[in-house]
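Here the protein sequences come in this chain order: A and B.
If you're matching positions, the first sequence starts at 9 in our numbering and goes up one per residue.
If you're matching positions, the second sequence starts at 913 in our numbering and goes up one per residue.
The list that follows gives simulated cross-link-like pairs (lysine to any residue, SDA-like), each with its CA atoms no further than 20 Å apart: (1) K154(A) / T957(B); (2) K946(B) / Q161(A); (3) K946(B) / R157(A); (4) K151(A) / D954(B); (5) K946(B) / G173(A); (6) K154(A) / Q960(B); (7) K151(A) / G962(B); (8) K154(A) / K946(B); (9) K946(B) / N61(A); (10) K154(A) / D954(B); (11) K946(B) / E155(A); (12) K929(B) / G962(B); (13) K151(A) / S963(B); (14) K151(A) / R953(B); (15) K151(A) / R958(B); (16) K946(B) / P51(A); (17) K946(B) / I57(A); (18) K946(B) / Y158(A); (19) K946(B) / V227(A); (20) K946(B) / V52(A); (21) K151(A) / Q960(B); (22) K154(A) / I949(B); (23) K151(A) / T957(B); (24) K946(B) / V168(A); (25) K946(B) / E231(A); (26) K946(B) / D172(A); (27) K151(A) / E961(B); (28) K154(A) / Y956(B); (29) K946(B) / D165(A); (30) K154(A) / G962(B); (31) K946(B) / D56(A); (32) K154(A) / E224(A); (33) K154(A) / L965(B); (34) K154(A) / R959(B); (35) K238(A) / L188(A); (36) K154(A) / E961(B); (37) K154(A) / R958(B); (38) K154(A) / S964(B); (39) K154(A) / R953(B).
Rather than coming from a laboratory, the hints here were simulated on the basis of the structure.
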Amino acid sequence: MSPTLMPTSIQPSRDPAAQYVLRLADTCLILGQRLGEWCGHAPVLEEDIALTNTALDLIGQARALLTRAGEIGAQKGAPLLDEDQLAFLREERDYLNVTLVELPRGDFAFTVVRNAMVATFLKLVWQRLAESSDAELAAIAGKAVKEARYHQQHAGDWVVRLGDGTAESRQRVEAALDSLWRYTPELLEDDAVDEYAGASGLGPRWSELRAPWLAEMAVLLDEAGLAVPKDSAFRSTGKRGVHSEHMGHILTEMQYLQRAYPGGTW
Amino acid sequence: MTTPNEWPLWEVFVRTKAGLDHKHCGSLHATDAKMAIQLARDVYTRRQEGSSLWVVRSDQIVASDPSDKAMFFDPMEDKVYRHPTFYALPESVDHM
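Generate the whole structure from the sequences, applying the supplied hints.
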């Protein structure tokens, strides 16, 4: 690239298989970035390390998935894009993470409720992807499911502690659950991308995860003494590239270095 | 010592692989045993150090009194005959 040119954004493949993998990759990537924001700010040192461990697990999963999404796109005729190009050089509308993970990190209750929701979802995804028709994806899933299982347990234990803790912890965890719940239907519904993935054996239609996700969340919330919130008509649309107002800000921070110093490494 | 607002302290022991002993590697604060085990995993085994963890409340450990050091340990200084170095060992016995 000529140094006189501004680094241009790249366009990911529109192929449904690549999009299916990108949705998962970006969901891991953006939640990893959000959790990284806790570094140095968690309530206690030990939890600071636990949260950043989770962040690093998610970024590791994102790296493997982004690489695979780039390869799948190339097989379908798009230019081959690597993990760094996909992570740092796309425009906002080309990120396909669910809106849930881009919401600002909030307080500790908000973080652990969201982590429990996403870890439960990802654990179910990885369990199914272990049988993917794509051997590479199945291998990624086999490793990631162990990480997700721990994330689910760690976050879930916190939800129970806060729900069953002081008046303030209970009020905070209820508020978090209430504001996050309306973003969860996006994780549990289908569109054409899921239809392709289900029909080709690439991975589960996300709607197939709805019943087990709700069942596992119900057990957790019951243990925490929290009521399952009512369903809402609101539908977030991050996985189709239409994000909340928070997405641009997180991308600005994430992309700054690669935009300012193209190809920079350390 | 633990104040009412501070979580209790736990000592962490890590076994690096099956067959070896659990070794003390440090301490951490946690509200209960379950959290202590999870945080020990996150704090002390994140670089593949472990295959098993023990945690124990620090206030449950009984320690020797530092002022007893002279009485407890100094008398052993000149009793080299307690080391099994005065025997000829069979070749098959390694690492004594």
